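K.L.:
Each chain, written out:
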Amino acid sequence: MKDPVDVLIIGAGASGAAVAWSLAETKMHILCLEQGGWMNPAEYPSTGRDWEAKFYGEWSSSPNIRGRPEDYPINDDNSPIKVVNYNAVGGSTVMYTAHWPRLHPSDFKVKTLDGVADDWPIDYDALTPFFEENDRIMGTSGLSGDPLSPLTHPPMPQQPLGLSGAIIGKAMNKLGWHWWPSDTTVATMDYEGRARCINLGHCTPACAQGAKSSTDITYWPHAIRAGVELRTHCRVREITTAENGMATGVVYYDKDGVEQFQPAHVVIIACNGVGTPRLLLNSASNRFPNGLANSSGLVGKNLMFHPYAQIYGYVKEPTDSNRAPPTCLWSKEWYDTDLSRGFVRGYGVQFVRGAGPVFEAVVSEQKGVLPWGADHHRVFRKLNGHRLGFSAICEDLPEEHNQVTLDPELKDSHGIPAPKIDYTISENSRKMMEHALARGREVLDTAGASDICVNSPIPWGGWHLLGTARMGADPERSVVNEWGRSHDVKNLFIVDGSIFVTSGGVNPTSTIQALALYIADQMKQRLANLFD
Amino acid sequence: MPDPLSLTPRQRDDLRTIAAMIVPASDEYKMPGADDPAIQADMLGTLGRDAKLVAAALDHLARLAGQPFAELDAAKRDAVAREFRSSGGAAAATLVRVVLQCYYRDDRVLRSLGLELRAPFPMGYVLEDGDWSLLDPVKARVGTLRRGA
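Chain order of the listed sequences is B and H. Per the working numbering, the first sequence starts with residue 1, numbered consecutively. Per the working numbering, the second sequence starts with residue 533, numbered consecutively.
Isolated chain B (complex conformation) (with noise of 0.2 Å):
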């Protein structure tokens, strides 16, 4: 049997990371369990000629797509929006679009101000030196001083505007709204040991400059040069537990498939929201016979992904395509609840540059603006090189019947049952998705667009995994307390995206880790009394 460890990590994404970073300084003996492997940028799609073609392969978003031996199956049949990740040291962090905006303030206390959902039990003001920390450490790039977003400090300047951003900012600059250089991780200048952003192209799926900030890169190396052991290719099957309610560690399958057991004074998930109530519910046993720390019988209820609402047209001067990093624009015009819109909460804007040839080609053959024959030439010299695009990122309220449950058929490559997705678009969703659109398009039409098409939703859009395993004071109504811990298990805790009490209306990964050093550093300051 293996000696136990003090602290047993479920995965290294961008909360496992950053909480086995925060906890290295204890010298506790702390142990990360990872899926995945570790990437070689050396691989990665821009390194080849075929890097479009590999989006539609084994660099696609979807797991199931995908289908590395790392990956787990999902079955999300019963979703319009699939799910998108992606499992390696790292783990999505490998393949997102490091667009880098966090909560704001307002969405700590949707409850308090607009009478929908619940409060969060914390609030922006208890995350922001982890905010802070965390945008040093992952290496952020951007310009301070955004009047309608909180207060940041990017250690590193903003992207260039480029072509496509002077457009849009002209034309929004017309219409009176608001917008700004988004921060970001990717590095616009050498940065602690990361090269600065040459413009490989779409770099959402893997910078092989090593300019855009993923926690392999980042976290990981100061993790395990601080002691952090990090076991790749383990895929957890169940948290184990004692007759005292108590996790006592977790069975794994080590990389050649074997069976192990692994003995843990604590236990950390973070194995976002889907992973992460997949394993609870996987670890049902007598004595949590609804899945573990499921007293409350939510976990797995309140998936929240934040529909997208994405319009996107062609103009006339050239756009600047895949040459730049995808995003680089936001905007925060309709963040905040306006009811005269029709809705409650708001939404988030992020712009997109452009896209490369064979995207287009693809995409725009299947809308039906690229035609078969002798016209296609003409119409794909007018398309590509000159897309615009606006994509409005929806606050999704927690809803219980949207939710991960165990297929009862699917299974992984191990045997072990897969997550089934269930979830539906609210009606406050949809009118925000049609408002947005209705904004996009005047944005559209004031930038000289023609040709334009929509995505509402973007289908495989499911990248932000939130709510499965919410946070709050009362036992009943949420899965672990204001600083992370279970309910029911006093030595078990959840860090990742699945804590999230609402989605607010931006991309989620910068608050995920500000709350992922938020919990390591409640954790350390309650050592001697931490399962009280």
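Rather than coming from a laboratory, the hints here were simulated on the basis of the structure. These figures come from a predicted structure and were not determined experimentally. Any given hint could turn out to be false.
Reference listing, derived: stretches of chain B covered by chain H, where coverage requires no fewer than 3 residues with Cβ under 8 Å from a Cβ of chain H [what the hints assert, rightly or not]:
# : region
1 : 46-53
2 : 105-115
3 : 262-271
4 : 319-328
5 : 355-363
6 : 389-398
With a straight-line Cα cutoff of 20 Å, these simulated EDC-like cross-link-like pairs (lysine to aspartate or glutamate) come out [to be verified]:
# : chain 1 : residue 1 : chain 2 : residue 2
7 : B       : K2        : B       : D254
8 : B       : K170      : H       : E660
9 : B       : K382      : H       : D610
Just so you know, even glycine gets a beta-carbon here, dropped at the ideal spot from N, CA and C.
Since the structure of chain B is provided, determine the placement of chain H on it from the hints.
P.N.:
Positioned in the frame of chain B, the structure of chain H alone reads:
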């Protein structure tokens, strides 16, 4: 024994025929068609995980045609191709995507479009910093960040 993932001669003929209908050669733009031998060889050589769906799409095409698609006259081919695209589902979409992704990485095509014949890494691209005075009106705006307190 034939490779189960390779296409039959009839399927190859039909693939070449429909590829030329999607992207025909153009004298005006000095572009090859997607039935060009080098582009066809790229498609057949890199089908990989798409092979099953492409083969299914070609079988569907042949069923709609009632005979080898390549042997239809031009008018019938057009009608069958329209029906194929509207009724072919994921398989037809995959076939079209395979045609386009191989076409738009061909050297002659990229050169004609004014695109460089190289991978993005390691040279990257230059991005203009732009005129940041465009942001002045936004900076002048009074901030009203909503708070819960």
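K.L.:
Hint by hint, where does the structure go against what was stated? Just the numbers, ascending.
P.N.:
The structure breaks hints 3, 6, 9; every other hint is satisfied.
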